[in-house]
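Chemist: In the order they appear, the protein sequences are chains A and B.
With our numbering applied, the first sequence closes on residue 207, and no number is skipped along the way.
With our numbering applied, the second sequence closes on residue 68, and no number is skipped along the way.
Simulated from the structure, these hints should not be mistaken for laboratory data.
Bear in mind the structure is a predicted one, so any value in this text is a computation, not a measurement.
Among the hints, erroneous ones may be present.
Unchecked claim - If you want the footprint, here are the derived chain B segments under chain A, 3+ residues with CB under 8 Å: (1) 13-20; (2) 31-38.
As the list claims (entries may be wrong) - Over the 10 Å line for every Cβ pair with chain B, so calculated as not near, a few chain A residues: (3) N25; (4) R36; (5) A44; (6) D47; (7) E51; (8) S68; (9) P124; (10) Q136; (11) D148; (12) K173; (13) M191.
Said to hold, decoys possible - One-sided and incomplete, this derived list gives chain B residues near chain A with beta-carbon spacing under 10 Å: (14) Q23; (15) A28; (16) C42; (17) Y48; (18) V54; (19) T67.
No residue lacks a Cβ here, since even glycine has one placed at the ideal position from N, Cα and C.
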Amino acid sequence: MELDRQSELNALRPDLLRFARLQLRDAGAAEDAVQETMLAALLGSHAFESRSSYKTWLIAILRNKIIDIIRGQSREVAASSLADDEAGDDLLSESLFDQRGHWQPETQPGRWADPEASFEQQQFWAVFEACLDHLPAKTARVFMMREILGFETGEICKETGISSSNCWVVLHRARMTLRACLETNWFAGVGG
Amino acid sequence: MLSCKQATELMSHEQDRTLALSERIGLRLHLWICAGCANYRRQIGVLRSACRRFGSGGTP
C-alpha cells in the first residue's frame with residue numbers, strides 16, 4: 016500500500032515539476048517546491064482521502080507551496096520589464112485589429128467546438144501548457160497568479176509592485192495572447 | 009460605439025473588476041451586434057475554466 020503510494024508519487028513527479036516550472040519560471044525554486052510537496056505528501060499520506068484523485072490532492076499541496084514561494088519572494092515586477100513584454104503584444108494587437116479597432120476578417124473569433132470534450136484530451140493540455148509557456152515571463156507571472164493560483168488583483172499589485180490598472184492591462188494582454196494561441200494550435204484544428 | 013479592440017479590453021476587465029454602468033451598457037450594445045466579440049467573450053470564459061481545471065489538477 017505504502018509502496019504503491021510512493022511509486023504513484025514518483026510517477027506524478029514530472030507533472031508536478033512541469034506545473035511548478037510554469038508558475039515559477041525558475042528551475043531551482045520549482046524543484047524545491049516539488050521536493051517539499053513530495054515530502055509533505057509522504058508524511059501526510061494518512062490525510063489523503065480518496066474522495067479526490069491523488070493528483071488533485073498533490074497539486075493542491077503544490078499550489079500552496081508555490082503561493083508561499085511567490086509571497087516570500089515579493090519580487091517587484093518592474094514597470095520597465097513589463098514594457099519589454101509589451102512590444103510583442105502591440106504586434107499581436109495590430110495583427111488582430113484594423114485601424115479602426117475592428118477585427119480583421121481573418122482574425123474574427125469563431126465558435127470553439129465543444130471545449131469540454133477538449134478538456135478530456137491530454138493533447139489539449141500539452142498545447143495549453145505550451146501556450147502558457149510562450150507568454151512573456153512577467154505577463155505569465157501576473158496571469159498565473161490570477162487565474163491558476165487564484166490571487167485577487169489587489170494582492171497581485173501588492174506582490175508585484177504594479178498598479179491595478181497596469182495589472183488589468185497585463186491580464187487583458189495575456190488572455191488575448193492565450194486565446195489566439197489556443198485558437199491557432201488547437202481549436203482551429205478540431206472543426207471549431 | 010465601442011470598437012472591437014475596446015470591447016475585448018472590457019471583456020477582460022469584467023473578469024477582474026466590476027464594470028461601471030456605462031461600460032456595461034456599451035459592452036452589451038456592442039455584443040448585440042458583434043458575433044466576433046460574442047465569441048471572444050465565450051472563449052476567454054473557456055480560458056478561465058481551463059485555468060481552474062489545470063490549477064486543481066483535474067487534467068487527464
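Chemist: Now tell me, hint by hint, if it's right for this structure.
Modeler: Structure-based check of each hint:
1. 13-20: This one holds; 5 residues, not fewer than the three required, reach chain A with a Cβ under 8 Å.
2. 31-38: This one is violated; 0 residues, fewer than the three required, reach chain A with a Cβ under 8 Å.
3. N25: A:N25 clear of chain B: closest Cβ-Cβ about 17 Å, beyond 10 Å.
4. R36: Consistent with the label, A:R36 stays out of reach of chain B, its closest Cβ about 14 Å off (over 10 Å).
5. A44: holds, 18 Å
6. D47: The claim holds: A:D47 sits with its nearest Cβ about 19 Å from chain B, beyond 10 Å.
7. E51: For A:E51, whose nearest Cβ neighbour in chain B is about 17 Å away, the distance exceeds 10 Å, so it holds.
8. S68: Violated: least Cβ distance 7 Å, not greater than 10 Å.
9. P124: A:P124 is in fact no farther than 10 Å from some Cβ atom of chain B, at 4 Å.
10. Q136: The claim breaks: A:Q136 does not keep its Cβ more than 10 Å from every Cβ of chain B (closest is about 7 Å).
11. D148: At roughly 12 Å from the nearest Cβ of chain B, A:D148 sits farther out than 10 Å, so the non-interface label holds.
12. K173: holds, 15 Å
13. M191: The claim is violated: A:M191 sits with its nearest Cβ about 6 Å from chain B, within 10 Å.
14. Q23: Since chain A brings a Cβ to about 7 Å from B:Q23, closer than 10 Å, the hint holds.
15. A28: Violated. Min distance 13 Å.
16. C42: holds, 8 Å
17. Y48: It holds, given that the least Cβ distance between B:Y48 and chain A is near 5 Å, below 10 Å.
18. V54: OK, holds: B:V54 within 10 Å of chain A, min 4 Å.
19. T67: Hint on B:T67: holds, closest Cβ of chain A at ~5 Å, below 10 Å.
Checked against the numbered hints given earlier, this structure breaks hints 2, 8, 9, 10, 13, 15; the rest are met.
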